[in-house]
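Trainee: This is what each chain is made of:
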Amino acid sequence: MGADKSEVLQGTLDLMILKTLQALGPLHGFGIARRIEQLSEDVLTLNEGTVYTSLLRLQQKSWIGSEWGVSENNRRARFYSITKRGLKQLAVETENWERIAAVIGRVLALEAKA
Amino acid sequence: MTDQALTLFAKLRMLFAQRRADDAFDEEVSAHLEMLREKYQREGMSAREAARAARRQFGNTTLLKQRQRESRTTMFFANIWRDLRYGMRQLAKTPIFTIVCVLTLALGVGANTAVFSVMHAILMKMLPVQDASRVFYLHTTGWPDGGSQTGSSETSFSYPVYQALREQAGLQDVMAFIPMSFSGKAPVRVGAAPEEAAGDMVSGNYFSGLGVVTELGRGFQEKDQNDHAPVVVISDAFWATHFSRSKDVLGKTLFIKSYPFSIVGVAAKGFEGTEGSLPLDFWIPFQSRPEFNAWGSPAEDGMYLTKLNFWCIKLMVRTAPGVSPKQALAKAQGIFERAAYIGVPPKKPGGETYKLSLAPAKQFDSQDDAFARALKVLMAMVGLVLLIAMSNVVMLLIARNATRQREFSVRLALGAGRGAIARQLLTESLLLVTLGGAAAWVFALFATRALGTWAEIESNLQPDGVVLAFTMGLLLVLALVFGLAPFRFAVSQGPELVLRSSATVSQSSSQQVRVGNAVIIAQIAICLVLLVGAGLLLGNLRSLLHTPLGQNPDGLLVFGIHPQQVHTTDEGYAFFLALQQRLRTVPGVQSVSMAANRPGSGWSNNSSGIVVDGHKPNGTESAEAEYRANVVGPEYFRTMGVQVLQGRDFSDEDTATAPKVLIVNETFAKKYLGTLNAVGHVISDPSGKESRLVVGVVKDHKYTSITEDAKPMLWTVFTQSGASTELQYEVRVLGNPVAILPTLRKVVAQVDPEMPLLDPMTQSAVFAKSISQQALFARLAGCFGFLAIVLIATGLYGTLAYRVSRRNAEIGVRMAMGAQRKEVIWMILRGSLWLTAIGVVVGVPLAMAAGRELESSLYGLKSFDSASYAGAILGVVFVALVASAVPAARAATVDPLKALRAD
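Going down the list, the protein sequences come from chains V and E. Following the numbering used here, the numbering of the first sequence begins with 16 at its first residue and continues without gaps. Following the numbering used here, the numbering of the second sequence begins with 8 at its first residue and continues without gaps.
For the record, the hints were derived by calculation from the structure and aren't laboratory data. Treat each hint with caution, since some may be false.
Cβ-Cβ distance ranges computed for the label pairs, FRET-style [stated by the list, open to error]:
id: 1; chain 1: V; residue 1: 113; chain 2: E; residue 2: 488; range: 51 to 61 Å
id: 2; chain 1: V; residue 1: 27; chain 2: E; residue 2: 29; range: 22 to 32 Å
id: 3; chain 1: E; residue 1: 29; chain 2: V; residue 2: 118; range: 38 to 48 Å
id: 4; chain 1: E; residue 1: 138; chain 2: V; residue 2: 89; range: 50 to 60 Å
id: 5; chain 1: E; residue 1: 29; chain 2: V; residue 2: 113; range: 37 to 47 Å
Straight line, CA to CA, 25 Å or less: simulated PhoX-like cross-link-like pairs of lysine-lysine [claimed, not checked]:
id: 6; chain 1: E; residue 1: 667; chain 2: E; residue 2: 623
id: 7; chain 1: E; residue 1: 72; chain 2: E; residue 2: 46
id: 8; chain 1: E; residue 1: 362; chain 2: E; residue 2: 333
id: 9; chain 1: E; residue 1: 18; chain 2: V; residue 2: 103
id: 10; chain 1: V; residue 1: 99; chain 2: E; residue 2: 18
id: 11; chain 1: E; residue 1: 369; chain 2: E; residue 2: 132
id: 12; chain 1: V; residue 1: 76; chain 2: E; residue 2: 18
id: 13; chain 1: V; residue 1: 76; chain 2: E; residue 2: 72
Covered stretches of chain V, going by a simulated chain E footprint (3 or more residues, C-beta under 8 Å) [unchecked claim]:
id: 14; stretch: 69-75
id: 15; stretch: 82-96
For clarity, every value in this text was computed on a predicted model and none was experimentally measured. Backbone N, C-alpha and C fix where the C-beta goes; we use that ideal spot for every residue, glycine too.
Build the full structure now, drawing on both the sequences and the hints.
Mentor: Listed below in C-alpha cells is the structure:
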C-alpha cells in the first residue's frame, strides 16, 4: 500500500534531517533542503515542501526544537535545532539503519550469488 | 513520556493556536521560496524563470499547507463532530421525543436550580467580605428593663455596649451600622429631583473591618467617625445608575436629608451592605446632627450618641486570628453583661441574663426562620418534581433505545465497531442532556429573577451554576447507564439477534414492563403528594385572601411624609395638620388622616402597663396588661372605614391643648374593662402620671397583617402624643387611588420641593404584601403541582405509546381472534387505571404525612382538607386517562392483517 512506502520514505527523510541538524547545528528549512540536495548529489529528488512535513513530525515528538531568528541575508526565518531526545533517537535510528542496511546488503548479495 | 503522548500533547496545544501556526507556516514557506528564487537568480536565471523554478522545486504549497494543518492537530474532534451531526439527525428524526425530553429537563432542572439558588442566597451565601469565616453578626436575647429599643430586638445594642465591646473585648474589629430610618431609606438628591435611597450610618472601621475594598476612592477612617465628617461612600449600583460610572464622581455632592455630603468612594462591586434583603445605596459615617438620629427617630427623644439607654446600633464583629468564635463570644459576653446596664437601673437579682450570640456573616442575617422553613418545604416539593422529571427522561430513553436494539444488531452484523456504536449512543445522550441543560439554564435565569422579585429580595440573584451542573451530571450518569442498556443487550446477543428477530420475539421483556410500572406508580404517588400540598397551600391562601379585615382598604392611598424643616414638637403638629388640611381640599379626595405606623406593614407599638379608673384592669395585674398602640390623626377611623361601635372618632377638636383622649378596640374593652361600654372610663399608665379619657370603641380590625389574631389595642391622636418625625398619610378617594398620585405629588411639592412621598401605594397593596410570602409559596406550590401533572402526562403518554407500538402484533392477533375495538381500548385504559389506582393508594398516606409536616412548618395551615385530596385524586386519574387516550385510540386502529404481515 502507498502508505507503507511513504512511511519508509518519511522515516528516511526524518533520519536525514536529524543527522543534518546534529552535524551542522541550527538551520532553517531552506538550509536543510540545500544540505540534503548537496549530499544526495541529485540522486534523491524531493519536493522541498516535504521537508516541512517531516520537521513538524519531529517537532511534535520533541526530537527537534525551533526558534525564530534572522537568516544570513537578513530574512526572518525559523531555525531548527536537535534536542537531547533527538540526539538519543538519532543514535537509535542510526544503529537501526545500519543493521537493516547490513541485512539488506547481505540479502541482496545472496541474490547475486544465486 | 512516550513519543505518542508528546505528539498528542503537541496536537492538542495546536487546537488553540491553529490560526497563529498557519500564519507562521505561511511566512516560513514564503521565506523559503524567496531564498530558492534568489539562489536560482544567482545561478543565472531570469527573475520570472527563477520564481517558477522555485515553486516547482518546492512543490504544491496549498496541498502542503492543508496536510500540515491536518497533522498539526488531531482528527479526534472531526470524529466527534461527525458523531454530533449524526446524533442531531437522530434527535431530529424523533422530534416529539426530543422536545418532550428537553422541555422536561428545562422545567424540572430549571425550577430546581432556581429554587435552590434563591435558597442558597438566603440561607447560605456569605457576604462578599474578606475572610468571612471570622466575621459575624452580633445578636442578643434581650435588653435590660428601662432600655428604649428600635423593634429590631435581636440585633440592636446601645452606644455604651458598642464602646465597651470595641475597647475591651479583644475583638479585631467591631463594626457598627445604623439604618437611616425604619424603612432603611432616606430622602436624597443628586441633581434637582428628590428621591429615596437606602443607606446606613456606619462606624469608621466599617469597610476596613469587613475587608470591603473600594472600586474608586476610599472607604472611611476612624477620623470620619470622630469628626462626623460629611462624606459618603456610594454603592457600585448607585454609581452606575446616577453617575454612569464616571470616574470624576469623587468630590461630587450627594444631598442626604437636604445636607450636602461629599462623595469620597465607591464600594466594591457586589457589596450591597449588611442589611439583608435591602441593598444599600450609600454609607455615611456616624453623624451628630439631630436630623440624623438613629433610625430617623425624633431628636427630642434623645440622640443615639448620648442617650445611653437607646438600643439602636447594629453590630458586626471580626474575631482576632487564632481566636475561636467561642472564646471571643465568652469574653464579649462578660463585657456585655456589665455594659448593658450603663444608663439603666441595675439588674434585679434573679433577673434574666441576656446572652450574646454570633451569627455567620451571611448575605441574609438568619432571623426569619419562617421564611427559611417555607423555603425548605419548597425545596422538597421541587425535589419531587425533579425526581419525576428525571425518571421521565430515563424512561423515555430506555423506551427509545429499546426499539433500536435491532438497529444495533444490524450495524454490528455489518461490521460496525462496538466502540463506535457506544460512542454514538453516548453522544446522543450527551447531546440531549446538553440541550436540556441549556434550556434549563435559560429557564432558571428567568425563574430565579421571578422568585427573587416575588420574595422581595432586591439583592442581585443569580442561578447557581453548581446546582445546575450537579443535577445535569447526575442525569448524564443515569442517561448513560440506562441509555446504554439496550446496547449491552444487543452486544451480548451478538449479530445473530437480527436473524431471528421479529415483532413477536423482540417484545419487551416482562421484567422491563415491571420496572416501568413501578416507576409509573411512584410517579403517580409523588404527583399526588405534590397536588395535595399545592391544594393545601392554595386553600390556605384563599382563606387568607378572604379574611375579613374589619375595614375598607379599597380606595385608600397611603404614603409617608418626613418633613426636613421641622425642629420642635409644635412645629411638627402644625406641619402635619396643615398638610392634612391642604390634602382635604384636593378634588376627588373624600377624607385624609395619618398614622405613625402604616397599617398592614407589620410595624406596631407594643407596650404593657395600664390602670383603669385607678384600678387593676379587670383582674389583670396592671404591669402585665399588654396592648398594641398606634398614633393617628383626626378622622382616622372614618378614613380607614372602621366601624365605631361606641362614642366617636378623633376629630380636629382633639388638639394638643384639649383634654387627652384615646380610643380602644373591642378586645381591649372586653378584656380590660369587662364591657363594650368603655366610653367615659379613664385609662392611665401605672405611674399615674398620664391619664386619658376613652371617647370611643371601634370594631376589631387587622393592624399589623392579615394573619394576626385580634389583640387589645388603643389609639391616641398625634397632637397629644409627643414628637413625630414621620407620619403615614391615608387618603380616601373616589375611584382608583393610584390615579390621584401625580396630583398629590404636586401638592406636596408646593409645600416643600425637597420632600418625596415615601413608599406610596394603595392600602390594599399593603395588606396584600403582608401575606406575600404565603401567596408566593402557594403560587409556587401550584406551579409545581401543575408541572408535576404535565410531566406525569408526558411520561405516561410516552411509555404507553411505546408499549402499544410494541404490542401491535399481539393486538393484531387479539383482533383477528374476534376482539372488539372497544375491548382493545378498554384493555389499554384498564392497564393505566390500575397503575393510577395503585399510585393513589400509595400516595395518599404519603400525602397525609407530608401534610402534617406542612402544618407544623407553615403558620395557620390545616393539614386535612378533603377538597384538596379529592381534587388531587381526580386530577391524577384525569391525567392518566388523557395520557392513555391517544395510545388507546391508536391501538384500536390497528389493522390485524397489516400487524400480522409486518415482520
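Trainee: Would you mind marking each hint as holding or not holding in the structure?
Mentor: Evaluation of the provided hints:
{"no.": "1", "hint": "V/113 to E/488: 51 to 61 Å", "verdict": "56 Å, holds"}
{"no.": "2", "hint": "V/27 to E/29: 22 to 32 Å", "verdict": "28 Å, holds"}
{"no.": "3", "hint": "E/29 to V/118: 38 to 48 Å", "verdict": "43 Å, holds"}
{"no.": "4", "hint": "E/138 to V/89: 50 to 60 Å", "verdict": "58 Å, holds"}
{"no.": "5", "hint": "E/29 to V/113: 37 to 47 Å", "verdict": "39 Å, holds"}
{"no.": "6", "hint": "E/667 to E/623", "verdict": "21 Å, holds"}
{"no.": "7", "hint": "E/72 to E/46", "verdict": "23 Å, holds"}
{"no.": "8", "hint": "E/362 to E/333", "verdict": "13 Å, holds"}
{"no.": "9", "hint": "E/18 to V/103", "verdict": "23 Å, holds"}
{"no.": "10", "hint": "V/99 to E/18", "verdict": "21 Å, holds"}
{"no.": "11", "hint": "E/369 to E/132", "verdict": "6 Å, holds"}
{"no.": "12", "hint": "V/76 to E/18", "verdict": "10 Å, holds"}
{"no.": "13", "hint": "V/76 to E/72", "verdict": "20 Å, holds"}
{"no.": "14", "hint": "69-75", "verdict": "holds (count 4)"}
{"no.": "15", "hint": "82-96", "verdict": "holds (count 6)"}
In summary, the structure agrees with every hint in the numbered list given earlier.
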